[in-house]
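*Asks:* The primary structure of each chain is shown beneath.
Number of protein chains: 2
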Amino acid sequence: MRIFGELQGLYEGDSFRNRLELSQSAVHKPTQAGISGSQNEGADSIIVSGGYEDDEDYGDIIIYTGHGGRDLSSGKQVTDQELVRGNLALAESCKNGLPVRIIRGAHKNSNFAPEEGYRYDGLFRVEDYWKEKGRSDFIVWRFRLRKIEGELKKQSNILQEEQTKYNADNKKTKRIETRVQRIVRDTKLSKKIKERYKYTCQICNTQLETSSGFYAEAAHIKPLGAPHNGPDSEDNLLCLCPNHHVMFDYGGFSILENFDLIGLEGKLTIMNNHKINKEYLKYHLDHFYDEKNR
Amino acid sequence: MRIFGELQGLYEGDSFRNRLELSQSAVHKPTQAGISGSQNEGADSIIVSGGYEDDEDYGDIIIYTGHGGRDLSSGKQVTDQELVRGNLALAESCKNGLPVRIIRGAHKNSNFAPEEGYRYDGLFRVEDYWKEKGRSDFIVWRFRLRKIEGELKKQSNILQEEQTKYNADNKKTKRIETRVQRIVRDTKLSKKIKERYKYTCQICNTQLETSSGFYAEAAHIKPLGAPHNGPDSEDNLLCLCPNHHVMFDYGGFSILENFDLIGLEGKLTIMNNHKINKEYLKYHLDHFYDEKNR
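Chains as they are written, first to last, in our numbering: chain A, 3 to 296; chain B, 3 to 296.
One chain only, chain A, in its complex shape (with noise of 0.2 Å):
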């Protein structure tokens, strides 16, 4: 049975020898591949040891790439990834909220990087995932990891403490395990570009109704968040039903430059005054839609 998040016994820290010893440990079974998981249950632990020249460590951001493509003796991207086994099971880690193990494995061009062996460095959620043309100018998949600490282990613990807290009164306190996985973020535009488009999506020409009015979620094209590094402005937003919005974020379609969907029938509804910059389209087809799987 794959064991999800933490695991008894083991502390942030903990020293490993070689891959052997982190496989018996449980830590990360397998002896050979960086991402332990399967598309069906998600991954549960990576190694992190700067064997891609692609990866990206910030300490409690992590930029990792995914497996496939690449020469083995060398280590240089030789053909482009695709988004299968460990891959996807990062991906589907991503869209369920699952906590995800680090163990980070000694090199030599990273600053987080123990000095030998490997270490296990704690629980981190895989925020966001896409393809881009990595340094070797094959296609990589990359997936955003953050550590789970600090806010985000609060903001999981929200709940239970409410729940404490209210109860109080009442002496009986209840504690349900959460896990977040997933966050809509407004900005400052949000509700402006939602009004304009009276709460209608753009692609399915939907208007939710709730019981105290419409709802609809404004989607930034090029993402906010590094590394891509969208702006919040209104040729970069759109108003689309959380439907559309969780396919268009996940690469379930995208938008040509003439408005033609891909990957769905139709076209983008758009009004005369709504000017979409193109290039953000052009960004949000090179890296979240996936043709392959289609």
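Treat each hint with caution, since some may be false.
Heads up, the list lumps identical chains together, so a pair's fine if it works in one copy or across two of them.
[Stated by the list, open to error] DSSO-like cross-link-like pairs, simulated, lysine-lysine; straight-line CA separation at most 27 Å:
1. K190 with K31
2. K78 with K269
3. K224 with K269
4. K224 with K135
5. K193 with K149
Don't read these hints as lab results, they were simulated from the structure.
Keep in mind it's a predicted model, so treat the numbers as computed, not measured.
Could you slot chain B onto chain A? The hints should help.
*Replies:* Below, chain B alone, put in the same frame as chain A:
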């Protein structure tokens, strides 16, 4: 113009002698109403003065009772409240993640009230809204507000910190103001229920496709979290697409005991071996669905 969030020169803990001072300083403009806002823009500030018999103040969490239906002299509830005016404004703030300025007024029954006059106590977020029978047996609308600080402030700032961190190498920093609009929480059983339904929505039978397979959300019928305290058990879980999850949580529809939908056409799809607790359906219908607005 209605200003949401912080005001220049206003600091947490600032005192005001009376409603007129609060109004003139633009902290809370109306001199009578407890809720400042409009149904289109949302609510920008509220006064928590313990005037309503159903208000509950836990410091960082406030269960606030909406307005209407109250006898002004006794403060007793004499008719049902409706989801209109200020109540609708607070619901709008909930759906859009807008911050609400909280002003507490002196009140002998509250541990958190100032000794005299009014005190500005910072920004809160409306996390949830629902209706219930209040102490006087009339329907009241209730709003759970949570202070934006610590985890929540950090949560909103994640994007900013990250961009700053990530770009440190490139000597450029970009900050984009974000606020959290909606958090989807996963629990232990979430994945199980989604797998059982093969990521197919029990309302519309849609399977949302992404570049890495299907996506669905697990919805608790009787919500987790105070004061509902629904359990994380299969008889309280549904597999929904994000659209129907949003509509369900925000009272756009509900489910009758015979599994017919109300507020939407159709019937809930249920697997043979999935027992749903009808008490939880009744709880949702009573607390979240609002027939009057249809």
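*Asks:* When Cα atoms must be at most 27 Å apart, do K78 and K269 count as within-copy, between-copy, both, or neither?
*Replies:* Close neither inside one copy (40 Å) nor across copies (55 Å); limit 27 Å.
*Asks:* When no copy is named, should K190 and K31 be tagged within, between, both, or neither for a Cα gap of at most 27 Å?
*Replies:* between (45 Å within a copy, 23 Å between copies)
*Asks:* Are the CA atoms of K224 and K135 at most 27 Å apart within a copy, between copies, both, or neither?
*Replies:* Intra 16 Å, inter 46 Å, cutoff 27 Å: intra-copy only.
*Asks:* Between K193 and K149, at a C-alpha cutoff of 27 Å, which is it: within one copy, between copies, both, or neither?
*Replies:* between (30 Å within a copy, 22 Å between copies)
*Asks:* Cα distance capped at 27 Å. Does K224 pair with K269 within a copy, between copies, both, or neither?
*Replies:* Intra 19 Å, inter 38 Å, cutoff 27 Å: intra-copy only.
The earlier numbered hint that this structure contradicts is number 2, and it is the only one.
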